[in-house]
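*Asks:* Throw the hints in and build the complete structure from the sequences for me.
Protein chains in written order, with my numbering: chain A, 1 to 278; chain B, 1001 to 1439.
Among the clues, some could well be false.
[Claimed, not checked] Dumping the calculated SDA-like pairs for lysine to any residue here, alpha-carbon to alpha-carbon at most 25 Å: (1) A:K12 to B:L1108; (2) A:K12 to B:G1067; (3) B:K1203 to B:M1168; (4) A:K12 to B:F1054; (5) A:K9 to B:E1137; (6) B:K1198 to B:G1165; (7) B:K1160 to A:N111; (8) B:K1160 to A:A34; (9) B:K1058 to A:V10; (10) B:K1058 to A:M38; (11) B:K1058 to B:D1242; (12) B:K1058 to A:R269; (13) A:K9 to B:F1062; (14) B:K1203 to B:E1137; (15) B:K1209 to B:D1225; (16) A:K9 to B:E1065; (17) A:K12 to B:D1059; (18) B:K1203 to B:T1244; (19) A:K9 to B:E1097; (20) A:K12 to B:G1011; (21) A:K12 to B:G1009; (22) A:K12 to B:S1078; (23) B:K1160 to A:R46; (24) B:K1141 to A:M38.
Because the hints were derived from the structure by calculation, they are not lab data.
Nothing here was measured: the structure is a model prediction, and the numbers come from that model.
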Amino acid sequence: MEATLVPMKVIKPIDDRTLVEELADLWRGRGILAVLVMRDIAVRYRQAAIGILWALLQPIVTTAIFTLVFVVFIRLPSQNIPYPVFAFAGLVIWQYFSRAVSDGTLSLVTNAGLITKVYFPRIVIPLIAPCSAALDCAFGVAALFVMALLFGADLQWTAAFVPLVVLFVGLFGYAIGLCLAPLQAIYRDIGIVLPFALQIAMYLSPIAYPAAIVPESVRWLYRLSPIAVMADTMRWALVGSEPPSAGGVVLAFVLTGLLLWGGLNIFRRFEGTLVDRI
Amino acid sequence: MTFAIEARGVGKQYVRGAAHYRRLHTLRDALSEWAARVIRRTPTARAAAQTERFWALKDVSFAIEEGEVVGIIGRNGSGKSTLLKIISQITAPTTGEVRLNGRTGTLLEIGTGFHPELTGRENVHLNGTILGMSRAEIAQKFEEIVAFSGVEAFIDTPVKRYSSGMQMRLAFAVAAHLDPEILIIDEVLAVGDIEFQKRCLTKMEDISKAGRTILFVSHNMATVDQLCRRVLWLDRGHLVDDSTDTRAVTSRYLFSDEAQSAAEWRPSAHERPASDYFALNWFRVCDHAGRTIDAPVRNDVDATVEIGLSILKPHPNLTFGYALTNEAGVCVYWTSTHDAGHRHCPRIGAGNVVLTCALPRSLLNQGMFRLDFMSAIHAQEWLVHPNQTRTSVFLRVSGLDETQHLRNTWPGVIAPVLRWSSRPEAREGALDRAEQGAR
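*Replies:* Written out as structure tokens, the structure is:
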């Protein structure tokens, strides 16, 4: 009886799969995504005495060090927002992005035990990290609001956009994870290079310093980086600092869209034979 | 008629090396291979690339009706697991397609996704979802699963505090409550104790009685005979037999080992176990006169296993041996030159060496036995693993000794002849007196 309700499933060689099927898979895998995200979160802070507070400690300490270096030592020209709020806003975005990318890239390898033994839509796997890291990010954003109030920055109504900024960064991270995770599964080199690459990317991005101090002639480069644009958008939304250029935002959307599309295609290419090569 | 599972021309091609055999494939390898291919596009390079590919499955077609219980048999490397992995969608086929009509559940392992840090409760939800149950389904069956597992008292304790038996019971409880229309099982029964295996079999019988379709891979012909109403026999990636006469197929399968494999192994062009340390020249079982035993023998004859080797690079820990497996696929024993410790192992110097080892007398039961050659650097690395070699010889034991040789098969994996004695029964008090007397 029930069997007639279940549509017949056809297993084909990978080359015959379409992008639409892949997206349908993503939807079908939402239940399993939810449990895997819960597992990630539960495992991460279990048996840690101060639990989820660790998620806050790291950006706070980093902010303190940045403040010491850039405000006390270097005497960075002051912005229209207090520097710690400025840096913390950037760091919350950056750390979310960085975890989404690095954990997302490793996701297929860390879940090898699962994917070699049971089928579920593989496409949810690189999405676990952006989802579970979003919790840490939410705590970070809450702390950011508290910090902004403490430093007397005047919050704007645009703060309502903050969740959208976070969502966008998560999508961007997922897109990169989709591209890199299958490569990491086959060539472990990616995982070795990635932490270093992310570190360099952070120093090149206007996280700890404003893009305004960069010479005019190369500043356009920052508009090419969705993460730089999002860090600026975050600050603008929060305390009404200089708004990001419209061109930059549009480009960020286009780039992320392209990357998602490309990532889905790369992932689709690899997922069928992943198990044989992991 | 709709089929539960329908496979049409399913094939799976692997690239030898990238998968298992070679060391980790790095980006540098890929880049240099690619560069080499671009620079010199010679036909020989392409031919070499061609030989690297092989078909683990080739043009396999079959249709399974709803409610059938089907066993898949075949030797190691015959493509059974690959077929199962394709049907359960873990890996994609290279050619052909499989149509599945109904909800599919795969059990290639018990407790997939269990996380030691999580509690039993959390793991039930996690594992259940991974196996394909819906949230509502798990919530509805939760009490039942926990009761079945018998770990109620510890359900909110992290699984890492469980004994391995408890973990297994909980994992099995979840798997047993999976209620798919098509169940795919691989050797799950091979692990766990007898009690556990029995429960698995009972559960499988229940599932099949409920009209579910089961696809079951096993090395154990007895289980296949008992459970399955149809057998698919795979050999080197081809479907060589598909029949509902399970007993006939399983016995033909067992017999085929005898037909295909000689009582004496000699190197051939495509197969010769060798390493930096040695090359194998021959491997056989011979009688006291040095003749290869190629006919059934009684289990109390003098028989010797002989391994002829050329030692290229002597090593103090270089070990040779063989694994003995009976026709049900049960490993009877492993033996190697280092079993008695370093001081007692035979000296294996450079040059040609013949290792001999007497087959234990009056130990083996009747039936067909396979001896798989093995070699290792003792306690360090495998050179030839007995489960992964085709360097095997066969021995048929028929008749246990003069008095018993007409019997069919003695129950048990082995049939040792043990010494019995008797004494008059001691009456009460007599024992004490007897003991005192002894002093």
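*Asks:* Confirm or reject each hint.
*Replies:* So, going through the hints one by one against the coordinates:
no.	hint	verdict
1	A:K12 to B:L1108	holds, 21 Å
2	A:K12 to B:G1067	holds, 24 Å
3	B:K1203 to B:M1168	holds, 15 Å
4	A:K12 to B:F1054	holds, 19 Å
5	A:K9 to B:E1137	holds, 22 Å
6	B:K1198 to B:G1165	holds, 15 Å
7	B:K1160 to A:N111	holds, 19 Å
8	B:K1160 to A:A34	holds, 23 Å
9	B:K1058 to A:V10	holds, 19 Å
10	B:K1058 to A:M38	violated, 41 Å
11	B:K1058 to B:D1242	holds, 15 Å
12	B:K1058 to A:R269	holds, 22 Å
13	A:K9 to B:F1062	holds, 16 Å
14	B:K1203 to B:E1137	holds, 19 Å
15	B:K1209 to B:D1225	holds, 16 Å
16	A:K9 to B:E1065	holds, 15 Å
17	A:K12 to B:D1059	holds, 14 Å
18	B:K1203 to B:T1244	holds, 22 Å
19	A:K9 to B:E1097	holds, 10 Å
20	A:K12 to B:G1011	holds, 11 Å
21	A:K12 to B:G1009	holds, 11 Å
22	A:K12 to B:S1078	holds, 21 Å
23	B:K1160 to A:R46	holds, 13 Å
24	B:K1141 to A:M38	holds, 21 Å
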